[in-house]
Structure formats: structure tokens, C-alpha cells
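Asker: Protein sequences appear in the order of chains A and B. Each residue of the first sequence is one higher than the one before, starting from 7 at the first, in the numbering used here. Each residue of the second sequence is one higher than the one before, starting from 7 at the first, in the numbering used here.
Since the hints were derived computationally from the structure, they do not count as laboratory data. No experiment lies behind these values; they were computed from the predicted model shown. Treat the hints loosely; a few may be bogus.
To be verified - Dumping the calculated EDC-like pairs for lysine to aspartate or glutamate here, alpha-carbon to alpha-carbon at most 20 angstroms: (1) A/K157 / B/D13; (2) A/K148 / A/E16; (3) A/K148 / B/E100; (4) A/K148 / A/D13; (5) B/K157 / B/D77; (6) B/K157 / A/E100; (7) B/K157 / B/D72; (8) B/K157 / A/D13; (9) B/K148 / B/E230; (10) B/K157 / A/D92; (11) B/K148 / A/E100; (12) B/K39 / B/D29; (13) A/K39 / A/E16; (14) B/K39 / B/D77; (15) A/K39 / A/D72; (16) B/K39 / B/D72; (17) B/K39 / B/E16; (18) A/K39 / A/D69; (19) A/K157 / B/D88; (20) A/K157 / B/D92; (21) A/K157 / A/D69; (22) A/K39 / A/D29; (23) B/K148 / B/D13; (24) A/K157 / A/D88.
Stated by the list, open to error - Covered stretches of chain B (in silico footprint by chain A; criterion: 3 or more residues with CB under 8 angstroms from a CB of chain A, positions within the stretch not fixed): (25) 151–157; (26) 226–234.
Think of the CB as a built atom: it goes at the ideal place given N, C-alpha and C, for glycine as much as any other residue.
There are 2 protein chains.
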Amino acid sequence: MQSIRVDLGERAYSIHIGSGILDDASLYAAHLKTGRAAIVTNTVVAPLYLERLRRALASAGVDTIDVVVADGEQAKDWRTLDQVLDALLRARCERQTPIVALGGGVVGDLAGFAAAVYQRGVPFIQVPTTLLAQVDSSVGGKTAINHPRGKNMIGAFYQPLVVVSDVATLATLPPRELRAGVAEVLKHGFALDAEFANWLEANVERLLAGDADALTHAVRRSCELKAGVVAADERESGRRAVLNLGHTFAHAIETGMGYGSWLHGEAVAAGMVMAAELSARAGLIGEPEVRRVRDLIARAELPVAGPAELPLERYLELMAVDKKVAHGRLRFVMLEAIGRAVLRADPGERLVREAIAAATAAAVAP
Amino acid sequence: MQSIRVDLGERAYSIHIGSGILDDASLYAAHLKTGRAAIVTNTVVAPLYLERLRRALASAGVDTIDVVVADGEQAKDWRTLDQVLDALLRARCERQTPIVALGGGVVGDLAGFAAAVYQRGVPFIQVPTTLLAQVDSSVGGKTAINHPRGKNMIGAFYQPLVVVSDVATLATLPPRELRAGVAEVLKHGFALDAEFANWLEANVERLLAGDADALTHAVRRSCELKAGVVAADERESGRRAVLNLGHTFAHAIETGMGYGSWLHGEAVAAGMVMAAELSARAGLIGEPEVRRVRDLIARAELPVAGPAELPLERYLELMAVDKKVAHGRLRFVMLEAIGRAVLRADPGERLVREAIAAATAAAVAP
Numbered sequence: 007m008q009s010i011r012v013d014l015g016e017r018a019y020s021i022h023i024g025s026g027i028l029d030d031a032s033l034y035a036a037h038l039k040t041g042r043a044a045i046v047t048n049t050v051v052a053p054l055y056l057e058r059l060r061r062a063l064a065s066a067g068v069d070t071i072d073v074v075v076a077d078g079e080q081a082k083d084w085r086t087l088d089q090v091l092d093a094l095l096r097a098r099c100e101r102q103t104p105i106v107a108l109g110g111g112v113v114g115d116l117a118g119f120a121a122a123v124y125q126r127g128v129p130f131i132q133v134p135t136t137l138l139a140q141v142d143s144s145v146g147g148k149t150a151i152n153h154p155r156g157k158n159m160i161g162a163f164y165q166p167l168v169v170v171s172d173v174a175t176l177a178t179l180p181p182r183e184l185r186a187g188v189a190e191v192l193k194h195g196f197a198l199d200a201e202f203a204n205w206l207e208a209n210v211e212r213l214l215a216g217d218a219d220a221l222t223h224a225v226r227r228s229c230e231l232k233a234g235v236v237a238a239d240e241r242e243s244g245r246r247a248v249l250n251l252g253h254t255f256a257h258a259i260e261t262g263m264g265y266g267s268w269l270h271g272e273a274v275a276a277g278m279v280m281a282a283e284l285s286a287r288a289g290l291i292g293e294p295e296v297r298r299v300r301d302l303i304a305r306a307e308l309p310v311a312g313p314a315e316l317p318l319e320r321y322l323e324l325m326a327v328d329k330k331v332a333h334g335r336l337r338f339v340m341l342e343a344i345g346r347a348v349l350r351a352d353p354g355e356r357l358v359r360e361a362i363a364a365a366t367a368a369a370v371a372p
Numbered sequence: 007m008q009s010i011r012v013d014l015g016e017r018a019y020s021i022h023i024g025s026g027i028l029d030d031a032s033l034y035a036a037h038l039k040t041g042r043a044a045i046v047t048n049t050v051v052a053p054l055y056l057e058r059l060r061r062a063l064a065s066a067g068v069d070t071i072d073v074v075v076a077d078g079e080q081a082k083d084w085r086t087l088d089q090v091l092d093a094l095l096r097a098r099c100e101r102q103t104p105i106v107a108l109g110g111g112v113v114g115d116l117a118g119f120a121a122a123v124y125q126r127g128v129p130f131i132q133v134p135t136t137l138l139a140q141v142d143s144s145v146g147g148k149t150a151i152n153h154p155r156g157k158n159m160i161g162a163f164y165q166p167l168v169v170v171s172d173v174a175t176l177a178t179l180p181p182r183e184l185r186a187g188v189a190e191v192l193k194h195g196f197a198l199d200a201e202f203a204n205w206l207e208a209n210v211e212r213l214l215a216g217d218a219d220a221l222t223h224a225v226r227r228s229c230e231l232k233a234g235v236v237a238a239d240e241r242e243s244g245r246r247a248v249l250n251l252g253h254t255f256a257h258a259i260e261t262g263m264g265y266g267s268w269l270h271g272e273a274v275a276a277g278m279v280m281a282a283e284l285s286a287r288a289g290l291i292g293e294p295e296v297r298r299v300r301d302l303i304a305r306a307e308l309p310v311a312g313p314a315e316l317p318l319e320r321y322l323e324l325m326a327v328d329k330k331v332a333h334g335r336l337r338f339v340m341l342e343a344i345g346r347a348v349l350r351a352d353p354g355e356r357l358v359r360e361a362i363a364a365a366t367a368a369a370v371a372p
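Next up, chain A with everything else stripped away, as it sits in the complex:
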């Protein structure tokens, strides 16, 4: 097992990463003071891991109540949030009763937001069971639900007391979701750490094969890198934007294709190739760096180009909407080098068009 500390002053917390640690009661014990806890999970994860977690907490002398919500993004809504809050109130959970999120990003976002607002905030513990949640949601304190008018529009920044990331749970993850999580891992290498990018070039196949040591290292290093950025910018103003490498393009892909048809990680993968192509056209990196980005993404069995169905003009339309929302100040996260992302002003429509086209042509080629 490896542990890191996310340094946020009085809200600092630990992330424990290892194989088979889900039911290590000692990792939770220090944070379970009242003899009770509420576990929030979903219908897919509950049959796999709920009983093990429940038994681990029972061995620490903790009674649990379970709240099992529906699977999928549609569970990030008012109705499901109210299901959680109502269950907490019915069980007379108090301000000291922790909420434990057992599941992927949706469960973490939903349960975390419930923890942020139940009685103005109760202790929160995360047990992420997807790679995306382990490398992304476990650091940063973002919690939210969706509103019919926009994703993640209602939420809070709320930090957990502890995160327990058991990489053995990734064995039950559909391979496509594992790969989508790997996209976020690659992003941390490309955006933040050349050495980690090198390690990923040597080990990406081990991640796809579910190698526990490789996954543990990848999750730990991703969390460390993200934590470094977040600690410097907890409420997301400037520096934190570099974590959005590829996201301007990914957003256009996700919206253009309809949310859910491409996984977020898949869109980010293609978006990172576009960001690399744009960076090269802006004179920040050379063709060899673009090739490294594209090749590693391809080895991870992730898309290196946007969907053929999405025409270039549609990207530009969708980006224009983003630009309007941002009061005309559309900025792009670009690469100055492998491992060094920077936020730059829009380099102009011609280069953006070329970058998207380049990452579309590449897909059509064999």
C-alpha cells in the first residue's frame, strides 16, 4: 500500500492506494468516531463490494446504513440527492455521522455533495472503485449534481477525511471504462510530469492488463500530481486550468455527439491529440512530441482523433458557444513540452481548424 497526503491546511487528508485494501478497517477507524456511518453506493457496485465494506466497518464497531442509488449519470440529480438526504434523516444521522461514498465518479459526486449540505456538512469518506474516480475525483474536492440546464451546475468544494483506493476493484470494471480512466492518467503525465510520461510509455500495457503494482503507482503519481496543482489553487482560478488539457476539444466532442456516446476519457484522449497538434502549430512543441502524445494514446487503445461524424464546422460552433460563455476570452491549454502544460490565449481560428483536421485525418489513416 502507498499513501499520500493532500495538503490543504486544516482540510488536509490522506489517500491510501493498494490492492485489496477496501476492507482494511484500520484505514477508516480514525475517522469513525460515533459508531455509525452511512454508505452511499449504487446498484452495480453494491453486489460487488458493499458487504465487504460493511463487514470491515462492523469490525471497527461501526453500524452502517446503506443508501443504494441507481447506476449512471442520471443519478446525479435532485431526485437522487433527495433520496440520499431523506435516508439520512430517516436514520437520524447526525452532524458527526460520516458518509462513505462507495463507487465511481457519479456516486462520489453525489454522496460528496450530500455530505457537503446535510446539516451544513458532515464527515465524508471516499472509496472510489473506478480508475477515473481514483485518479480524478479523489483529489480536488469537487462535488456536484447536474441540473437540466447544465452538468455539474449545483455543487460544492468539499474535501474528504480520507480516500481508500483499492486497485483490485478495477478488475470488475468494464475494459472500456478502465481505458477511459487511463486517459486521465496519461493527461497527468503529459500536462505535469515528463518522468511520469516516460514511465507510462514503458508501462501502459501493464495498466490495461490490470497489473496491481503498475496501477498502484499510476494512481499514486496521478493523485500526487493533481494534489500539487490543487493545493496551490483549491478553488480553481488559474493554475488548476492545466488539468483541463484536451478539454476544450473534448467538450465539443461530448456535446456534439450527445453526452454519453463517448466516455469523457475517450473525448479527452482525442482532445489531447488536438491540443498537441495545436501546440505544435503555435510553435510550442515539435512534431516528435505530437507523435509521442498520439502514440501513447493509441497504445492505450484510446481514440487519437475525434469522431468522423463530427464535422470541423461543428467543433467551431460549439467552441463559439463556450467562448460566448467566457465573455469572448477562449483560452487553450497547450503543451510547451511533454510534462509541461500552459494556459494560452486563443491562437486564432486557422490554427485551431488545422489542429482538429490533423487529429481527424490521423484517425482515418490506418
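Given the structure of chain A, go ahead and fit chain B onto it with the hints provided.
Answerer: Frame of chain A; chain B shown alone:
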């Protein structure tokens, strides 16, 4: 105009108190950076003050959108919160767009919670127009909505950027609500500051008559006193409990009579007499101090005893419920002196009965 600073580190903010300052644009200008703001108010306050506030903000170059919600406690619900959030989304309000709460405690709690969760937190400005909101909600950062299973069960601690308390707005307040606000002012004197209690004994009639200077001083001193306690205990663990002087009894009165039939301040007034009677029986203060508490409350035209319809046994039943919720550790805020409240263990049922009975008998007597 008087100004105080609530010292909460990076979340520190100023409260400005004066007569006719509602439309002093200079008080808001520093916090309005984007040229837009959303004003949340209700159907009673809007006709009185919305246009003045809107014009003041316009003179600072700020376009406003208005969200006018229903009047009354029932507006602190999911449905009304969603009305506010939906209006913000429709108007494409961004993370930098401030929400201005114009109204009493309900509007402040609702708009403050909306500000806490809209896009994970946007700037919040409070313009309280009731005495209760000026002396209570303006310090402490408590925001919330109600849940069918409990009041204030869903909320957040969220601090405003600035509070503008115009005591001239209190002229449009129903006298009964003004008196209920005075109860909270008296509470700050009794619980926290003997000198302020003396001042109130000399000036309580001026407050009831709407004297601007007296109101300005009372609001300022109340905010200062509450801010001192809150700064030491932002998230409400120990010391902050002394602000609940009279509340254990008040809670029984409010629940026993059905919420709304007694105003909160009225129940707190009677509850403070009971707390004083209990403190005397526990040997902490003498009969002269109890008389001072009772007399000042009576001069404020507030109830010095619980409702005749509520039998002694019903108080004890309702307190037993609170006790169960608190895992058997019912504690009482008592007075060690006028101006010095302390949190003490339950002194036993006999004394509690006597204290309630004493404050009931006192009411029946002329």
C-alpha cells in the same frame, strides 16, 4: 454609518450599518466586478426596496437580474431553491456573478445557500431588511433550506463578501417582527456583554420606537458580539453554543405550539426567562439577575413566559426527544452573570420543572 469587520481569515468581510444606506452604491462597488448581479428577494420586500437597490447597482455600472420568490418560511424549500438556480442558469450567470439577498432571514438563508451551491459557489452579498436578519443571519455564515423531515437540515456554512444593514428598512417591519428581533439583541446582551445589557436597559424603548441611532448601535454591537464568538468557532462546536441562550426551552415552545404560531424571537424571549430561572436554581445567579432578565424582556413587549396552553409535561417530553437526538447529553446554556453565559450539563429534571413552572406562573400573575 458604522462598520465592523468579521474576522474569518481569508473569508473576512465587513458589515455596514446605518440609516438610508441601502442604495449607497459605494458599499457594493468593490464586490461587483463583472457588471452583472442577481438580486434575490420576495414578494413583500420587492415593492418596497428592489427598485432602489437596482438603481444603486445600475449607477455602479451593474446590470441586475431579479428573482422574486414567495414570502414566508415555506419558501425555504427545494422548489424555491430550484426557482432561484433555474433563473441564474437561464440568465447564464457565471462563477463571478454575485448573488445579492434583499430581505429577511428566509431570503438570506435561501439566497445564501443558492450562492453556496451554484457552480460550486459564487460571490454573495447580504442586504438584510429585518432586525432579526441584521443581528443574527448577517454573522455566522449559516445558510439552509428546510426538508420535510426537519428545519434547516440542508445547507452550508457560506460567508458573504459584504453585509449592508440599513436600519431605515426596519420602519416597514410589522411591530411584532421588530420586537422578535429585539429579543435576539437582548440575548446578545444577556449572554455576552454586561455593558451592552446596561445600555439596553437604558434604551430598549428607543429601539421599539425605531430610533435610527439606537438601532444602529444595537445592530452594530450585536454583530460585534456574535462575530467574536463565531470567529473563535466558525463551524459551531463548543463556544458558539452560548448564542443559544433560551433555545432549549424555545425549541419546545415552537414545536409544542406548531411552528409559526410563536415567532422564534418570542419563544427565545420566554426561553431566556426560563434559562435565567434555571440558572438561579442551579446556584449560578441570584433572584435580582432573574428579575433584570424578566423586566427587560417585558419592557420590550416580549413574552416573559411560555404559552399557557403548553403543559409542563409537554416541555419535558419535547426535551426528551432533543436529549435522545443528542445521545442523552442534553446541556443547557445558563447565566453565570448578566453578560456571561456558559454551557452546563443538565442540572436535573426537578430544577428544570421548577424553572419552567416559575416562568409560567410569572405570566399568569399580572
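Asker: Which of the numbered hints above does this structure break?
Answerer: Of the numbered hints given earlier, those the structure breaks are 1, 7, 8, 14, 21, 26, listed in rising order.
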